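Colleague: Listed here are the chains, written in short residue letters.
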Amino acid sequence: MYVAVKGGEKAIDNAHAWLAEERRGDPSVAELSVPQIREQLKLSVNRVMAEGSLYDPDLAALAIKQSRGDLIEAVFLIRAYRTTLPRFAASNPVETAKMAVDRRISATFKDLPGGQILGPTFDYTHRLLDFKLMAEGELPTAPTAPASGEAVPHVTGLLAQGGLIQPEPQTDEMPPDLTREPLELPANRALRQQALTRGDEGFVLSLAYSTQRGYGRTHAFVGELRIGRVGVSVNIPELGFAVEIGEIELTECETVNQFTGSKTEPPQFTRGYGLVLGQSERKAISVSLVDRALRWAELGEDFIGAPAQDQEFVLSHCDNVQATGFLEHIKLPHYVDFQAELELIRRLRSEAIAEAAE
Amino acid sequence: MTDQAYNFAYLDEQTKRMIRRAILKALAIPGYQVPFASREMPMPYGWGTGGVQVTAACLTPEDRLKVIDQGSDDTTNAVSIRKFFQRTAGVAITEKTAEATLIQTRHRIPETALTQGQILVYQVPIPEPLRFIEPRETETRKMHELEEYGLMHVKLYEDIARHGQIATSYAYPVRVEGRYVMDPSPIPKFDNPKLGGNAAIQLFGAGREQRIYALPPYTDVVSLDFDDHPFTATKADHGCNICGSIHSYLDEVITDDQGGRIFVCSDTDFCAERQQGTAA
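Line by line, the protein sequences are chains X and H. The opening residue of the first sequence carries number 1 in this note's numbering; numbering runs sequentially from there. The opening residue of the second sequence carries number 1001 in this note's numbering; numbering runs sequentially from there.
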């Protein structure tokens, strides 16, 4: 006689044990350490921190190790951990104009105060496999020079002096918090920025790319891209002043976009903005293009139905932890609903066949 | 980190308070989808995070918990969620519907009638009944505000025009207390009649979509239909091959590759109780 399926619990335990064994791989090969991942897979670590919304390179490296290098799974681990953490304080806004830059480039001016600094970039490398890396490599070294100490002002600030770029409204209003309030639409720019900066890199990249190909084109120039460290300060009420509690690495991108002007406004450049944790420049550029595309309403541009202009579409679908969870849930049993569909199809077919026979 | 590092039932008390407020509001406005600040849970979105958060906010140490998926206590995700609450809340568990104080379910309402004092928590993937008619949340919220449900009736009418009947077999929309149209979660429409006039509190949690809604006990719930095409609850036209019930919802099980199949109760506790009853 048929006996209903049993043993789900045992099956799950065994599956997890097998997973742990697979994660370790061939035991004759040395185990990866978390510091190795943190130091040598830094761009993966950065992506996990950015999309996990938690600046902690060690935990991000641990998550990558635990997830066997599946970065979306690692982001998920970080998010699930992050949500349990108490909040002690909110920092003051970081001052990216005072960033200690490792990299700073402008595509709009050949030279400018603070200079162009290429920094550690893949740009201009020839993408040829370096087979030497398969062997134990010798220690690479780079030439160094003392920091100039010169100020590195924002390019858009220089443009603003001539009134050539639209000024952004200044506000001390507390921005809404996507992780503590349900998303309500329409969302203001601060909230859109939060969603985009922790959105999936691939999704935001493709949306940005779609604007370049004409689906909501905004004619973007990279006014400036900068990567470096900024101080984070917190007001301590007992002391009555702000104390710097540490440094974080950020990538900031400001695009300069055309704007033809309107009845009330003369032609002026406008901007798109992207700020991402760690060194994540593809992401920062993508965010600034999508940010700009989403500003069509406030800038009086036409909505042409492009996906990147549609904030409900963008914000509802950019989160890869939500997306992957819902996508993969269709692996779960759906016997009951499928049974209901089976009966419906059988009934509809038998009625249709009976009708055809008449 | 040890399990003791987490609060009772995983969520911190502030989060639970936020969820309880949403639940109370949902109970006060039956069928209305209350936005809530859903948290990332240690299981994926779409795998019951909404139900888990609602359960976590309702559980007390004295509770006795039952978790089912597809009517069964032993499906993998039900096992996983039950284990989660055993680990983080240490509450008593049961597989018996009648003994549970709180039941978390996916896709089924238990066959055994629920009683006063019980809470039934549904896992909800898409809380918006109008979503597949109108993809925009900004629009559907407006439609609910204005009680603008004409499109839903047009959709059901189009089904009848094409198929001679309403071709929705699960997640069949209902109207609550004559006001809000509500998605009962993907339960088979066979279960719809149990939604209304139920003695238990019914809570619906959608984690990814950040919505909670509810049916207080003895709420009036009507499955949408037309006078000349009344709603009918359907199931496979068989009895259970194990317990013989002709009133319970059935799973179809393929037994060989020659077209052999049997039908068994989807509600495993109901089936087991009946087997014991006949054995005794």
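Rather than coming from a laboratory, the hints here were simulated on the basis of the structure. Just so it is clear, the structure is predicted and the values come from calculations on it, not from any experiment. Fair warning: there could be bad hints in the mix.
To be verified - Using 30 Å as the maximum straight-line C-alpha spacing, the simulated DSS-like pairs for lysine-lysine come out as follows: (1) H:1096 with H:1235; (2) H:1142 with X:331; (3) X:331 with H:1025; (4) X:132 with H:1083; (5) H:1155 with H:1235; (6) H:1083 with X:10; (7) H:1016 with H:1096; (8) X:10 with X:263; (9) H:1083 with H:1096; (10) X:331 with H:1096; (11) H:1016 with H:1083; (12) H:1083 with X:65; (13) X:65 with X:263; (14) X:10 with H:1096; (15) X:98 with X:110; (16) H:1142 with H:1025; (17) X:10 with X:42.
Colleague: For a quick check of understanding: which of the numbered hints are violated here, in increasing order?
Modeller: 2, 3, 4, 8, 13, 17
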